[in-house]
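Numbering of the sequence shown is given in UniProt numbering, commencing with residue 1 and proceeding in unit increments.
FYI, nobody ran anything at the bench for these hints, they're computed from the structure.
Careful: at least some of the hints might be erroneous.
Between beta-carbon pairs, the in silico distance windows are [said to hold, decoys possible]:
(1) Ser217 <-> Ser99: 31 to 41 Å
(2) Pro705 <-> Pro761: 22 to 32 Å
(3) Pro761 <-> Leu459: 36 to 46 Å
(4) Lys620 <-> Val470: 35 to 45 Å
(5) Arg355 <-> Ser217: 46 to 56 Å
(6) Leu646 <-> Thr694: 13 to 23 Å
Predicted model only: the values in this text are computed from it and were never measured.
Quick reminder that beta carbons are idealized off the backbone N, C-alpha and C, glycines included.
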Amino acid sequence: MSESTRVEASGATARPRRSRSLAAVVALLLGCAIVLAGPMLATAQAEEAIVTSLAEETTPEPTQEKNLQSTPESTAPATEEPIPNTTTDPATTRPLIESPGNGQFIGSNRTTVSGSKALDQEIQLLSPRGGDPLCIVDDKSTSWSCSNLYLQNGPTIKLRVVVTGDATLSDEITVAVLGAPTVRGGRSGSESDGWVRGTGHPQATVTASLGTEDSCSSDVDNSGAWACLFEGTLKSGSREVTASQRSTFSSPSSSNSSEPVTIVFDLQGPAAPVVTTPREGAQVPVAGTEYTGTGETGATVTVFAGAYSVCTAEVTAGAWTCFAGGVAAGSYSIIAVQQDSAGNVGPGSTPVTVRYAAPSTATPTPTPTQSASETPAVTPAPSASASPSPDGAVGIPGDTAEPTPSAAPQTQEPAPEAAAEESADDSAGASTFTGRWDDPTRFALPIGPSATSSPFPWLQAGLLALGALVLIALPLRMLAGTISRTRGGRPFWSGPTLAGRNRVREEYEVAPTVRLNRWLRGGAALVAAATFVMLSGPVVDQPAYLRLLVAVTIGLVLVNGVAILVPLWWSSRVLELRGAVRFLPRYLLLIAAAATASRVFDVHPALLFGLLGSVSLLAKADAGSAQPTPAQRGQLAAVRVGALSLFAVLAWSLGALLPAANDFTTSLVAETVNTIVLASVGSAVLILVPIGHTSGRSILAWSPPIWTGLTVVAYGILFAALAPAIDQLQSSGSGTVLWIVAASFAALCASGWVWQRFVAPAQR
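Whole structure, please, built from the sequences with the hints as guidance.
Okay, here's the thing in structure tokens:
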């Protein structure tokens, strides 16, 4: 064989070998593809079976027919339709919470929670507090929603959704929740005197609103209660009130507003009630009596007998009545105070003075009788015959046990009556009321011109001030001037001493002195003054009067602080002089005299004097300083009087804004404010009297018009505060007598002044 033929043969042999090798590789690859395609075909068949089963559940009859006639051609179009989550396994898909978002603030306790889930999953939204789920969703949708769910307030409220039967498939978020507060109304119902109350989240800040006009804020206490007072331009009428709240975990966000609540605002206090029985001067038993009168329908009337809170009654059809006893024997002023349904407290009624008397006890008849000697020594049954008879003997019930004379000695017969007398004596000697720190006192009652029956109370106060200026203040100045000129300018109280005229003024080379700490002296004087002021009204052995003593002490400290600090500031800054504070012991006598007069004549509100010292002007330490002039002294005195009058007006205005005194704190504040008002204006009036070396004398010598203006203002405030006492004087007829006495005094003073100034010089 030639070489070329060999080459061709070998080339032909090589080609079949390569073809067989290539075929083997292709066969191997096809085998691998078939092996790998087996599971994929099984999965596709399983998915097709799932789709077919879903079709069977939705439309059973057509699906069964389709399954019976299923061919590759007939099933192909069904697999081309879009089916959601056809590649999602419900057994491995967890649900999601999509709204609200994690960490979101919710301003309402009612909300909606929604999210997504796998097809055909049943999910449960668990409660943050445990127990039953908030909702269960079992539908064929891939989304879920639970509406109107209640969530409690809190900074970290957990919401968790789980698949039923598999808690590992879950989602959880945390939200902050602060729902709207509630508005309950006024003090005691749907009527209000400006106060609104409600509930909220503890330690949150609630803001109540009247639309866009007015609002007030209050902190919620630990019990969840809040209350705030609308001020400003609020007027009486029906208004809708809403409220929202903000807490530390919600700030700066606030809760949603609450549902509007209609509240009837009544800002007008009720008029003074009227006490019809007992009448003026009546004598009533300490065991108990009936109190009746008239008032505002729906209001609550409280009756006071001096310092005792006797009884409380509701006004029905314009009338009220209550029965009570337990007042200690003695003479008291009956005053009734009413509070309307909105919470406004009116002024006290016109005082009615009555006397509480202990019942007189009759002596048992010593002569024994047949029935008395045969009476068993047993306590008689309660019956009408057991009450004392007119002749003093004790009636015994007729049908008793068989008499046993030997078992009933005559000496033991009066025992039931003696026990009754002892019980009566005990009830007459002490009050049956339990003393508490928050019991009311007369100093806590509101003061003001509304307590009078005059239709124009401030006009009445102004006219009385002018009358006092003309009939009292000016005549006193005339009298003082007349006496001074008669004595040639010598002091009225100077004169020879009754003893010691022949003794040397100093018996020792160095006079013995005992120096007390000025703070100790001031504190003792303050406590003494507060005690005198407290005794200007009735006082009983109850803890409330210790509270009153504290309130009076605080009030006197503030009054004296104003009367001293303001003149000191004026002397140094305006007059450029040195002011010196002097303690005046004689002022304690004025305090005691004013308190005693108020107590003896039962003046309420009391006429008080509360100053313990004065401020005098001194030249500065340098040699070139001039001495104070009379004009500067008069100016300083006018500043002192003006500061006291202004302080009284400010305290009075503050007292009008305070709530009714119904607990320890409000009673303490009311008593302090009333002490400031009465002590400030009373002190201003008394130091304005233009006699001796008083502030009034200095002001009158400096500027008569300023003295006149200050006198009218101070007297006007005083008569406005004492309106209840003035009304009592007018109703009893004593007011006319006082006018006659004042006019007679003015006439005598004017006559003496005219005689000494014009007639006497002409006769010399």
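Structure-based check of each hint:
In this structure the supplied range 31 to 41 Å holds for Ser217 paired with Ser99, their Cβ-Cβ distance being about 32 Å. Against the hinted window of 22 to 32 Å, the Cβ-Cβ separation of Pro705 and Pro761 comes to about 29 Å, which satisfies the hint. A hinted range of 36 to 46 Å for the beta carbons of Pro761 and Leu459 is consistent with their spacing of about 43 Å. For Lys620 paired with Val470, a C-beta distance near 41 Å keeps the hint of 35 to 45 Å intact.
For the pair Arg355 and Ser217, the supplied restraint of 46 to 56 Å holds, since their beta-carbon distance comes to about 51 Å. Checked against the hint of 13 to 23 Å, the C-beta distance between Leu646 and Thr694 comes to roughly 20 Å, which is consistent with it.
The structure is consistent with each of the numbered hints, conforming to all of them.
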